[in-house]
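Enquirer: Chain residues, written in single-letter form:
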Amino acid sequence: MSKRVGVEVSIAISEAVGLARAEIIPAYPITPQTHIVEHLSEMVANGQLDAEFVPVESEHAAMSCCCGAAAAGARVFTSSSSQGLSLMSEILYIPSTMRLPMVMVVANRALSAPISIWNDHQDIMVQRDIGWIQTFAENGQEAVDLTIHAFKVAENRNVSLPMIVNIDGFTLSHVIEPIELPDQEDVDAYLPPFKPRYKLDPRKPITMGPVGIPEVYTEAKVAHDKAIKNSKRYILKAWEEFEEVFGRKYEPVETYRTEDAEVLLVGMGSICETAMTAVDKMRDQGQKVGLLKIRLWRPFPAQEFRKAVGKTKILAVIDRCLPPGAVCGPVGAELRSMFYKIPGSPKIFSFVAGLGGRDVTVSRFEEIVDKARAFAKKRPRELYEVIGVREK
Amino acid sequence: MANSDAIVGWKTITFGCHILEPGNSANFRTGDWRSQRPVTDKEKCIKCGMCWIFCPDMTYKQDEEGYFEADMEYCKGCGICAHECPKDAITMVPEEG
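For the record, the sequence lines run as chains A and D.
Position one of the first sequence corresponds to residue 1 (the working numbering), numbered consecutively onward.
Position one of the second sequence corresponds to residue 1001 (the working numbering), numbered consecutively onward.
The set of hints was computed from the structure by calculation and includes no laboratory data.
Among the hints, a few may not be true.
[To be verified] Now the in silico label distances, taken between C-beta atoms and shown as ranges:
| no. | chain 1 | residue 1 | chain 2 | residue 2 | range |
| --- | --- | --- | --- | --- | --- |
| 1 | A | Pro55 | D | Glu1021 | 14 to 24 angstroms |
| 2 | D | Trp1033 | A | Glu240 | 19 to 29 angstroms |
| 3 | A | Pro55 | D | Gly1066 | 46 to 56 angstroms |
| 4 | A | Lys237 | D | Trp1033 | 17 to 27 angstroms |
[Unchecked claim] Every beta carbon over 10 angstroms from chain A, so not counted as near; a handful from chain D, in silico:
| no. | residue |
| --- | --- |
| 5 | Gly1009 |
| 6 | Phe1015 |
| 7 | Gly1016 |
| 8 | His1018 |
| 9 | Pro1022 |
| 10 | Lys1047 |
| 11 | Asp1057 |
| 12 | Asp1063 |
| 13 | Glu1065 |
| 14 | Tyr1067 |
| 15 | Glu1073 |
| 16 | Cys1078 |
| 17 | Ile1080 |
| 18 | His1083 |
| 19 | Thr1091 |
| 20 | Glu1095 |
Cβ coordinates follow ideal geometry from the N, Cα and C atoms, glycine included.
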């Protein structure tokens, strides 16, 4: 019987990767992901995990190695963050259209300049369109569970796509939490050995990654787009099975105290924990405020999101990413385009907060709700607002 | 450039855009954008096969008399054969029309 232990989230993720019996782990250390790969290399070195740990010379090489390993039919794991994830960028688009399953945990961190090792979502928003399935974890237990879930989804023969589990750097990666690590036999029951649709095999030669001439490229990209959209049903099914085996329930969009809400905060990742505290406080004061947590970011669960919004008329969307020159943050833009010209759709206000490790506190959430209410009465001049920014 | 076999829809394209049939590049006419073609002077040719060895697209075939001839379905006119020929028997001639 599994039990809850106090463990650093990074270590717990490594243990989950071990329980998932990853076979090839090409990885390059970068703060704040370091403890994940460090612990995995120890697990391989001391014989706890029967896997090949490939200490590559860069993240570019790490992702290239992941592609080769997945093409050969191995269960592949890697992890990265920030500048390292950006260095992978050229390769990240490749395994997704090539339908090579693998799992990556991204310990989300800001991008330079100025140099910042601290947490926000700018690194992963740069990689928004790489065509990987992406989930966001809110706490350590979710990080562990979503990692195991990711292998199940990615390797499903109807999905066969790479998958990223986003965890907030430091806020999750370096925090010690009580976490229930599942039993090996349960994970084995949940996650059967990887059987790829196709693999590189000299006895049955095929070519992976050929040139896509103009007559083929569009069709290859549309096939990928259809595949990731079609993956949602298997993502949900894998969560249902997860609940049956491990007893914890996951949904693509989670609601918190949304009943009869006038204003809904919308967030992703660990800030949702603070947001729940803020919602409790505002509810205690008689305000009708709730929270929507986006757990599945790609494919975007539009149907589930609309259902979760219900009849609420004001959404206050928090982006932990400031794309200079854009109309608003990526989550805000996603929701605005999703609701565009849909009758009865809510007013959507976009906020940027929590950049480069700045805490988003309970009072900040209260400020966001107040502003959203005010904006609903008088339309703001700007399409988004940066919360907590000093002018002088 | 490609023949009709390459014209597939997103539903019929191979999984991951893999090529599942080894060596199927032979099914595609790839030489129709050539700007020059190799012409072998049989007076000079010693049938050594250097053109056949060096051709990057394996377009050369040996005929019954032992001479090597490039298949214009695949030859891209790169000129490597002419460059490597030890007897300067191959001349690159501009394609016209």
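Enquirer: Which of the numbered hints are not met once you compare them with the structure shown?
Expert: Hints 1, 2, 4, 5, 6, 7, 8, 9 are the ones this structure does not satisfy, whereas the remaining hints hold.
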